[in-house]
Structures are given as C-alpha cells and as structure tokens.
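**Student:** Protein chains in written order, with this note's numbering: chain A, 1 to 265; chain S, 1001 to 1261.
No wet-lab data here; the hints were simulated from the structure.
Every residue, glycine too, gets a C-beta built ideally from N, C-alpha and C.
Check the hints yourself; a few may be wrong.
Under the rule of at most 25 Å between Cα atoms (straight-line distance), these lysine-lysine pairs were calculated in the DSS-like manner [as the list claims (entries may be wrong)]: (1) 59/A / 258/A; (2) 259/A / 105/A; (3) 59/A / 139/A; (4) 59/A / 1233/S; (5) 202/A / 105/A; (6) 17/A / 1140/S; (7) 82/A / 1081/S; (8) 1054/S / 202/A; (9) 1140/S / 1233/S; (10) 1084/S / 82/A.
Here are some, though not all, of the chain A residues that point toward chain S, as calculated from beta-carbon distances under 8 Å [as the list claims (entries may be wrong)]: (11) 32; (12) 39; (13) 55; (14) 180; (15) 192; (16) 193; (17) 196; (18) 238.
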Amino acid sequence: MKNFLRFLLRSYQLEIKRLAVYRATLIIAVITMPMWTVIQLLFVETLFTQSGSFIGYGKYEAYLFFGSYRIIQGLTNLIFQKRIFELKYLIRGESSETFDQAILKPIDSQLFSSVGRINITGIVHLIVGIGLIIFSVIKGGIEVSILQSFSFIYTLLLGLTLWYTTLIFVRCFNFWFEELDSTDQLHRETMALGRNPTSIYKGMWNILINLVIPLTLIGSIPADILLGKKSPYILIVYTGVVLLLLYLVRKLWLFSLKKYSSFSS
Amino acid sequence: MKYLRVFLISLQSSIQYRVNTIGWVLVGIVPSVSFITIWLVALGNGSDIGGFAKGDFMLYFFFGTISWYVIGGTFSYHEGKAIKDGDINKFLLRPINFTFNFFLREQAWKVTALVLALPFTIFFLILFWHDIHLQWSFIKIITLLFSVLAGATIFALLQAIIGLSAFWVTDIWSVIEADDILMILFGGRIAPLVLMPSLVQNIADFLPYKYVFYTPLMIFLDKTSSGFLDIQKQIICIVVLIPIYVLIWKAGLRRYEGIGI
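Here chain A stands alone, though its shape is the one from the complex:
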C-alpha cells in the first residue's frame, strides 16, 4: 500500500507539471466540452417541445439524468479514464512505456494500470454536471431532503465504481485481440444508455440494463433517488451487484494477464 501511495503521489506531481506545460488543452476543453451538454439539452428541448412530457418526467427532471451522467463522467476522467485508455498502447507495445512495468513493480497490476494520469476535461464535465443539477433543482422547484442528498452522492459513487468496472472489463479484451480500437467508443456509447429513464427498457433489457449490469446507475437512478422516485434502500441491492461485478472483473483481469506476452524481456 505504501508503494502504491508513493507511486500515486509521484504520478500526480508529474501530471500537474505536464498540465502546466500544455495549458492550451484545458482552454480548448473549457470551450468544446460544454458543447456536448448543450447538444444533450437541445435534444431534451426537442423531445419536450414535441411531446410535452416523457414517461412521467418533466423537462427539468430529465436534465438531472444528464447532470448525474456528467458528474460521473467528470470523476472518471479525473481519476482513471486516461490511464486505462493508454493501457491498450502499453499492452500492444506502441508506447515508450511498456506493460512490463505493471507486472514487475511491487504494486498491484490493476491499480498501477488504473490511476496516475488526469484527463483535465474531467474538471469541465464535473462543473457542468454540478451546475446542471443545481439549475434543475432550483428551476424545477424540486424539493430534496438530506437523506435524498446523501443517497444521491452515494449513488454517484456506485455509478463511478460501475464505470471503472466496465472499463477494466473492456480493456481486458486488449490482452486477447491485437487490434481493438473500437472498445473505448463502444464503452462510451453503451454507458450513455444509462442516461435514459429506467422505465424505458422492457423485458430482458429491463433486467439486463437496470439490474444485471446496472448501467442506469450512471445517470437515471441517481436522478430518481434525488427526485424521490426510488427508495434509497434499493441502493443496498445495487451495492451488492456492483461489488459482485468488481470481484468478477478482478478475476477476469488476473486471467487476462496470463495472455500478455512482453516485447522487451
């Protein structure tokens, strides 16, 4: 644990220096990243202009889905997205750094491969997401209790853990297939399904997306918790599901490591 914390501290120190050199990246992120939220809000506006309400949700309630999603996306970008994204280049041997380091260092390979880089656009997503939540609550006249607030924050953390779990899951495929660039985008598009209301999914999709792999933890369930449309006690079930998925992905990671063949040793 001490080694890991030391690695983490050094990595983030280096990352902050890197960000200070390439300041333009943050400036560009500040301009372009909020546009994605504008597109989503425009979509909501179009939907509600044409249909009035949407399966029992008002416009500002629908904004909460996107706000929750943006907060979780922002946190993933700040904590582990960038490192896990670069992992495929390490595995393929296309980077100056190799995956050998993950195996040879006295740090758990999964932890080493997950953290240490910051995607600065995460700050923008986080601010936009929090702003959207606050705006929706005020403009929509939504009353929020203390229990709902804490449950909302806890649900966001569950969503963050789920995002991490699914990201490691898709990254494991890079140990098995040489050329696999589509997994990142496919993961992003699949996670976006979590922004839709839970009741939109019927039949086996309802069970798959709301329970087995609860993608809706990314967007709609936090919103439902905040709105009081779902009881906070349902989080006990979701905690169990997310912990189980975390355990299974850990097993898959260790199994996939055996497929790795080094380029330099």
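Keeping the supplied structure of chain A fixed, place chain S upon it in accordance with the hints.
**Tutor:** Chain S alone, transformed into the frame defined by chain A:
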C-alpha cells in the same frame, strides 16, 4: 493502379482485424437503438410526431447509422497525424495524392463494415417489416444515388479540411471535436432537423453538415418536397468546399517544414 493497390492493402488490413470492425459497427448501432427507443416512447400511441411515424423514426436512425458506411468514414485524424509526425514527407516526394490516400484507406474499411453490418440490417428489416412503408420509383432511386454521392463528397472534403488544420494547430483533436459537435448539432444526428428548434434549422441551412447525411435520408424517407433542389444545394456546398480545400492545402504546404526534404 497505385490507388487500387492502396485500397486493396487497406481492405486486407480491415478484413484481418474484423473484430475491431465489428466493434465499430456496434458503436454505430447502440446509439441508434437508443434514439429509436426514446422517440418511440415519446410517440406512444400517437400516429406521428412532426410528420414522423413509428416506421420513419426507425428508418431514420437505423439507416442514419448504416449511411455512415456509405457516406461517412473519418480520416481527418490520420491525415493530421501524418502531418504532425512528418509522414507527409513521403507523400510529397511520391506521385500519390496525400489526402486521397487517406480517403481511399477509409473506403476500404467502410466496405468491410458495410458487409459486417449486413446481418444487423437484415435482422432489423425482418423484425420491423410491418412498420416500414417505403415507396420506390426510378426517379427516387436516381435522386437518392446522386444525393448519397454528393453527401459523401461533402463529408470527404470536410474531413480533408479538418485534417489539414494540423499544419497550424498542435492538438488536432480539438478541431475534430468541434467538427463532430457541429455535425451532431446541425446534421440531424440526434433528431430530424424538422423537429428541432427553428434557430437550429435556420443555421443548418447555411452549413454543409445538413447536406451530408440528413438530405439523403430525407429523400430516402420521401420527406423532401424536391430532391433536385436538395441536390443543387449539395452541389453548391461542393463547389464552395473544393477551393477552400485547395487554398488550405497550398497555404499549409508553404508553412510546413519537413526534416530531410
């Protein structure tokens, strides 16, 4: 002959890494299924929204995705990376057009993706056969073919121009991101433009994005008043974009400094 070789080599590469290509096909299908679900729920028991019935929404979003493998295909990043890495040097010294090389490589990938998307398309058509109502005529087929060709040309020119911005910017991802945002906003990717706010529709009329995917889709769905007028507008876009591309290419070359040439 040399361009045929480029195409065939790229085709071999995309066939070899077909799992990756299947992944990209799914990248297109997942959001289209999501949009179809949302709009059908919004439609509920109603007959239509803004003139779009159940079958229209299905066809719009599903074939909007499939049209990517006919009209679309991004190569701006690879073009920009070649400029940034200096790989452009070898194209300047050889009798092969820099932009056309990347354009052709992407066409090879599209052929593979189209073939792999075929089972999904057949499955979709069988599943929703009763909801799909399309009228076909010889005029419509010819109009659609011309519109698809024009849309593909506009898209390729936009990609070429975006890629060449690497002569001036250090981070081409930001330019690509901005282009993607504009395509989604004004290209009818999240909803048919006729359903969107009038401000968006008005701006879209003056930008080329509407004429890439949206115009051919409207002709396909018989939602346009005059296909010939739409094709004229697409041709105007092409006529405007070609000199822009030529000017940017020449200006970029004057600015470029290659090591070893």
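**Student:** Can you list which hints this structure breaks, lowest number first?
**Tutor:** 1, 4, 5, 6 and 18
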